[in-house]
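Undergrad: Produce the entire structure from the sequences given, and follow the hints as far as they go.
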Amino acid sequence: MTNKAELEEFRATVKTWLHANFPTSLAGKTTTTEGDTNLGEDLVTWRDRLAGQGWGAPTWPKEYGGAGLTHPEAKVINDEMLKINAFNPIPNMAIMGVTMVGPTILEYGTDDQKQRHLPGIASGKVRWCLGLSEPNAGSDLASLTTKAKKDGDCFVINGQKIWTSSADISHWCGALVRTDSSAKKRDGISFLMLTMDQPGVTTKPIPLIAGASPFCETFFTEAKADSGDLLGNLNEGWSVVKRLLQHERQSQTVAGRPSKSAPLQDLAKEYVGTDDNGALADPDLRLRLADHLMDADAHRLTIKRITAEAKGKVEVSAAASILKNSATKVAQTKVELKLEFMGNQGLGWEGDNFTEGELSNVREWLAGKAISIYGGSFEVQNNIISKNILGLPETTQQG
Amino acid sequence: MAALTEEQSMIRDQAKAWATEQSPVQKFREMRDNKVTNHFFADTWTAMIDLGWTGILVPEQYGGSDLGYLTFGLLQEELGRQLVASPLFASALAGTSAILLGGNNAQKETILPKVVDGSEMLTLAVDEGPRHAPERIALQAEKTAAGFTLTGQKTFVHEGMAATTFIVSARTSGNIGDTDGISLFLVPANSAGISREGISTIDSRGYANVHFDGVEVAATEALGDIDKAYPILEETLDRARAGLAAEMLGTSAQAFDMTLEYLKTRVQFGKVIGSFQALGHRAAGLFTSMELARSCVEAALQAIDEGDNNIAQMCSLSKCRAGDFLHEMSNQLIQIHGGIGMTDEFDAGFYLKRARVIEAAFGNQAYHRNRYAKTLDF
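Chains A and B are the protein sequences, given in the same order. Each residue of the first sequence is one higher than the one before, counting from 1 in my numbering. Each residue of the second sequence is one higher than the one before, counting from 1001 in my numbering.
Hints listed in this document are in silico derivations from the structure and should not be mistaken for laboratory results. Honestly, I wouldn't trust all of these hints.
[Claimed, not checked] In silico SDA-like pairs for lysine to any residue, Cα to Cα no more than 25 Å straight-line:
(1) A:Lys304 with B:Glu1197
(2) B:Lys1374 with A:Asp295
(3) A:Lys369 with A:Asp291
(4) B:Lys1016 with A:Glu309
(5) A:Lys369 with B:Gly1285
(6) B:Lys1374 with A:Gln332
(7) A:Lys304 with B:Asn1309
(8) A:Lys329 with B:Lys1374
(9) A:Lys329 with B:Glu1060
(10) A:Lys4 with B:Leu1004
(11) A:Lys387 with B:Lys1374
(12) A:Lys62 with A:Thr99
(13) B:Lys1374 with A:Glu309
TA: Dropping the structure here:
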């Protein structure tokens, strides 16, 4: 179903279905990843209705909990939801499940793995985390040392992961482990899937500069993964994770729902004031704000252009590295500018002396410093661009 | 690259092939070295007319192909890559846009077919000082029985020595700086009272200062309403800016390609210099900026074609972002090439010199950052 008339027909059925099924009490709300606590009856109802349609992960095949839709069709659902302030809570609820683990299982998984894991993810009930980084393996991920040894029907895992988002509330973990210590760095790595609810796994949340965070340390002590839960071939996990990280970058390139808040320039005028011509009273800040808004326009237009060139289907490609770096710059500059024009009011940590907007900007500013670090740092993205897109030789620094 | 129609892809491929085969940058060097009259080869101009490029914006009833601004932009990009010197932009884009936006039927019928067949060469005569300021018009147009008398001067007029008709912004009322009181006139270059002198510029292209000393213009030669032509002028300038931005994108893309090639072949310290991370990251940053600039350039051209209501904002975005990137890329072109980049024998200098001229034309980056902020009301 790709032609315009059919797409419009589909739009009509989506509209009708949303009207009948979306609990209006949820309009304008967003989901946070807090596990099962405080979900609320309406949200549970909405999640289950959506999952029943296969619209939690609409482009996945029907047999695995999706709806087997094309990308243009999935976009129609998304557009129609936006129109009525509805949202798809399932990707957030599944944490890393829908955006990263699922697409990778679809590509590398066996039929058995697809059948066992995908429907749970698509239902929004099974939460996944990813055990990738380690204390001594950040940007240089391939130097990881968490080990897994085959023992009968399972792998026994020992080691430590860090920056595992939502590990404390996840049911499953996709972990990158070393299965051959004698091989070259990238050749002895495998990707295992294991349950978090077992004696060999413990987690510890990490408070960050912005306060509480979803990030955890995760410790594996004789933890076990079923041998049927090796994703991809033994010792070939590096190619699996490379693909997984492309999916991650992809999910980090879109700025999310269009903001309903006042335009940035209006907020700036409110704090800084204007001169007789209506221009922002601080001319230096004014031009930097203009520059930032241009960056934001350029980023948005680039996503639009790449989507148009791909005829509606955004390829998981090297272009994602460009978009990730550009998205990072836009997001970080925005909160820095807000902090600046709010002046002292932008520097509060908590309490009634500050507005909700001022306090949330501080936390966003601090938390946002992670954007240029996670998912492959700004510098790692530049390595990828120079090597994979521009075809420059590998730098000696990359090892 | 935007998703192109078959016709657009055809024009782009045709332009790419023609520019690289018939008018590569060596031809520009030849033009400069031989001090060719009017700073372009007559056969280059004839070839463009024969290819139909002068009619890309012109409706079919006036002999054009009406293919729109994105199509013209694709052409500009390819010409910008090879620094092709010609009056195509001045006449078939900037001048033609003024006629399309402000001309009445009689004016369109008289002029547009001649633009298409090359017997007329139009150009905008707007700025009067060293910096772009289309509202700072002092050139006076005094009402007479038969029309108007023009007195004043225009600076840095594109193809000012070769043009056959000037589109002149003149003050019919108000003071310098007022947008009210500005009118537009079509003035034949051979009118009595006009004198012009060529300017020698860093980019070796054709520009002139034009003096108007009591030039008589018939009332029928006014483009749009008397005193009220500023909006037409701004819309015309926006189309010129969007077209120049496309040329800038091409010029900078070529500079990027030359630099990337050098990074892959130049050996120092026993390695190709592109293997040094400092240079790999610089190239990655430049490439990212180029991709972002391309999106702005194409979006502005599309906004014009689709008659969007934010054309001014989009054109300032486009001119600014294409200018920012060209500025940086033209500097890096020299820096990364090192000593060879400093020599006149190598082409890098041509790109750097052309870059500063098109950056300044119709408003530089600072001008458009400011204007963009104004369109967003801050």
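Undergrad: Which hint numbers does the structure go against, in order from smallest to largest?
TA: Hints 1, 9, 11, 13 not satisfied by this model.
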